[in-house]
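Using the hints provided, position chain B relative to the given structure of chain A.
First to last, the protein sequences are chains A and B.
When you read off a place in the first sequence, starting at 1, and then add 16, the result is the number in the numbering used here.
When you read off a place in the second sequence, starting at 1, and then add 58, the result is the number in the numbering used here.
Worth flagging that the hints you see were computed from the coordinates, not collected in a lab.
Cβ atoms here follow ideal geometry from the backbone N, Cα and C, with glycine treated the same way.
One or more hints might be untrue.
[What the hints assert, rightly or not] Output of the computed footprint for chain B on chain A, the stretches with three or more beta carbons under 8 angstroms from beta carbons of chain B:
1) 174-187
2) 190-203
3) 260-272
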Amino acid sequence: MSVSKRTLLLLQILVAVVALGIWHIGSSVPILGVYFLPKFFFSTPWDVAARIVKLFSGTLIWKHLGITLTETLLAFVIGAGGGVLIGFWFARRPLINAVFDPYVKMANALPRVVLAPIFMLWLGLGIWSKVALGVTLVFFIVFFNVYQGVKEVSQAVLSNARMLGMTEQQLFRHVYWPSALSWMFSSLHTSVGFALVGAVVGEYLGSAAGLGYMIHEAEGVFDTTGVFAGMVILAAFVLVVDAIVTAIEHRLLVWRPDAAGRNV
Amino acid sequence: MPPDIAISLEQIDIIYRAQAYAGGGVRDGGPARAGDYHAVSQATLAVKEGEFVSIVGPTGCGKSTLLNAAAGLLQPANGGVSIYGDLLSGLNARAGYLFQQDALMPWKTALENVAIGLEVAGVDPAIARDRAEHWLAQVGLQGFGLRYPHQLSGGQRKRVGLAQVLIRNPDILLMDEPFGPLDAQTRQIMGNLLLSLWAQERKAVLFVTHDLEEAIALSDRVVIMSSGPKATIIGDYRIDLARPRDAMDVRLDAGFHAIHKAIWDQLRGEVMKAYQGVSP
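The following block holds chain A by itself, in its conformation from the complex:
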């Protein structure tokens, strides 16, 4: 399993070239008089690329991207904030946790998409109904992680901190809080991803702006090229967000053996 970075990159590019090649041939070269990837359903790589270039030469795409990014960030911040607070509260108050446990499980098991219509009724077609959908996704991930983080502080570390003279408040700041945060950050990729899913699905189900709206609009007029262009932009957007999250993670979890990249 020891492949050099360059070979790996070449292989990765090869996968893309092969996939694009199959797509191109299937949609533009008739085989025995038949296109096995008809243009109407699959568009072509060139058309999609041309559409993306055209979109980015205009200004509208930036507005859509901006809206989706805003929704994602708001959903993440509100959901993570709520998850941290409630997670802490539940972990430190076993009675509260015991009382609410079945309801938390129930709410978490609910497919969040069914909430989208109700959020739209409550909050309208603007960004807030999408933010709410993202929050319901992010909240539970962060909540469970913070809860676990507070519960699983090593007993030795805790006893040691007590023997070093820490008060309850200081234990919170120096022991529980960093432990919970580390668990939260370890779920950062998932929670940011879910914030984005909430935003895009919300836009798709009803809105007037954003990447999800763009894709939905194209689909409505059977504009396959537009749908594919939207998907490619969305995928690239996810990669950029993920890279930023990775950078943040490396900075914040430098003390962790795996995240620090040393001692791996």
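Then chain B, alone, in the frame of chain A:
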């Protein structure tokens, strides 16, 4: 009680309750009920100011339990713990505790881990850091301040732990098999480090170990615990080897062998009992 007795355990009983949470952990007194584990029974031990006492006993005999009682982490069901003549309630604020397990905060650097004991006591952070640098140097870790615990070896982590405890200048040091997980050479080096630090400022030390040689090499007194349950102190030996000692060289001393033989003759019986208890 004379105040020069740093730690005094008076006929303490420690019972791990099967229904731990009903009455608030092990806090409740009274006799052992069905299902409870009567770990320590009628144990009496006094450690004088500046005295280095080791507790030796077979595996699982309740050595650490006794130490936790002296730290205030466990409340005895019967009997009392006095620290410098005052009955202990809550945590023992005059003691520093070096744990067997890794107890450093993994999210703090070595320097931050050492400084924290002063910072939480309200010392100015800049001064706390200066003191922490000094203590890291004392344990031989100058220049390692910015490392995180996972970037240190097991022995280095123990050194940080030692600095973390000593920076608060406790009157009493409680040590629970602190060098247990280390390899033999590192243990002896750590033993010498501990002796040299202790020689500078003689604190009362209660040191738990399963290694009799280590106990004799370091201590003024070695006490023997019987095997559990209902473990108690069954032997008390004065170690009259000259100080300052070298934890390695002292093992070659003729006096060392005589003491070792005397203690081992008693300890062997308890160790065998402990093993018969667990093996078929």
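Here is how each hint holds up against the structure:
Proximity of the region 174-187 of chain A to chain B, defined as three or more residues with a beta carbon under 8 angstroms from a beta carbon of that chain, is established by the 10 residues found. Residues of the region 190-203 of chain A with a Cβ under 8 angstroms from some Cβ of chain B number 5, which satisfies the need for three, so the listed coverage holds. With 3 residues bearing a CB less than 8 angstroms from a CB of chain B, the region 260-272 of chain A meets the requirement of three and the coverage assertion stands.
When held up to the earlier numbered hints, the structure conflicts with none and fits them all.
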